[in-house]
Amino acid sequence: MENLSPLFKILAIFFLVAGTTFSALGMLGVTRLPDVYTRLHATGKVSAFGAVLLLVAAILITPLTVWKGLVLIIFLLLASPVVSHAISSAAYKTGVPMAQATRDDLAEHVQRGAGKDV
Amino acid sequence: MDLLDTTLLVVASGALIIHTIFLLMAVLRAWRGENSFDRLIGLDLTGTLILCILVLVAVVGTVSDYNMNVNNAIFIDVALGLAALSYLITIALAKYIVDHRMF
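Chains as they are written, first to last, in the working numbering: chain R, 1 to 118; chain F, 1001 to 1103.
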C-alpha cells in the first residue's frame, strides 16, 4: 500500500465512485419499476456494472494477483445475462403479468402460462 | 497518511455503508415480494450485493492497514466461490419453479 503509485489510487477512487453509482441506480430501479421484467432490467446493472467496477478498483489496490480478479470479472460478465434470461423466461412461461404491455412478440412462439402456477 | 489515502479510505468506507443499506433493501424484497419471481430477483440481488460487500471489505482492509497479518486478498477467493454458488442456485430455482422438477 505504501509503495503504490498515486495514479492507481486516483483510478481506484474513480472506479469505486462509478461502481457505487451504478449500484444505486440499479437499486432505485428495483424499488421504483412496476413489473418483474422491468425490475430484471435494473438488476442486471448491479451485477454487470456495479460488482465489476468495484472489482477493478480491488485489482488496482489490494495485493491480489491480476488473473484471479480477471477470472471473477469474466465470470460475472458471462453469468449475469444468463441469470436474467433464465428468470425472465421462467416468469413468461409461468404467466406473470406485464405492466402496460403494448405488444407481445413472443406470444406466437411460446405458449404463455404453460407452467403450473405462480 | 496523506490526503489521497484519506480520500480513498472515506470513499471505500462510504461505499461499504451504502452497499450494506442496499443489502437490507434486497433482503426485504426477497422476504416480502409480490410473487415468487420477485422474491427470486431479491435472492439473486442479495448474492450480488454480498459479493460487492466482500470486495469492499478487501479494499477497506488494505487501505486502512488495520490488521497487518491478514492477507486481505483472501476475501476475493470467498467472493469467487459465492459467485459460482449464487449463479447455480438462481438457475436451479428458476427452472424448479416453472417445471416443478429439477432436471
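Note that these hints are calculated values from the structure, not bench results. Watch out, some of these pointers could steer you wrong.
Only pairs whose alpha carbons sit at most 30 Å apart, straight line, appear in this in silico DSSO-like list of lysine-lysine [to be verified]: (1) K45/R <-> K1095/F; (2) K93/R <-> K45/R; (3) K45/R <-> K68/R; (4) K93/R <-> K68/R; (5) K1095/F <-> K9/R.
Consistency of the hints with the structure:
1. K45/R <-> K1095/F: 23 Å, holds
2. K93/R <-> K45/R: Distance of about 24 Å is within 30 Å: holds.
3. K45/R <-> K68/R: 22 Å, holds
4. K93/R <-> K68/R: Violated - the C-alpha atoms of K68/R and K93/R are around 37 Å apart, more than 30 Å.
5. K1095/F <-> K9/R: 43 Å, violated
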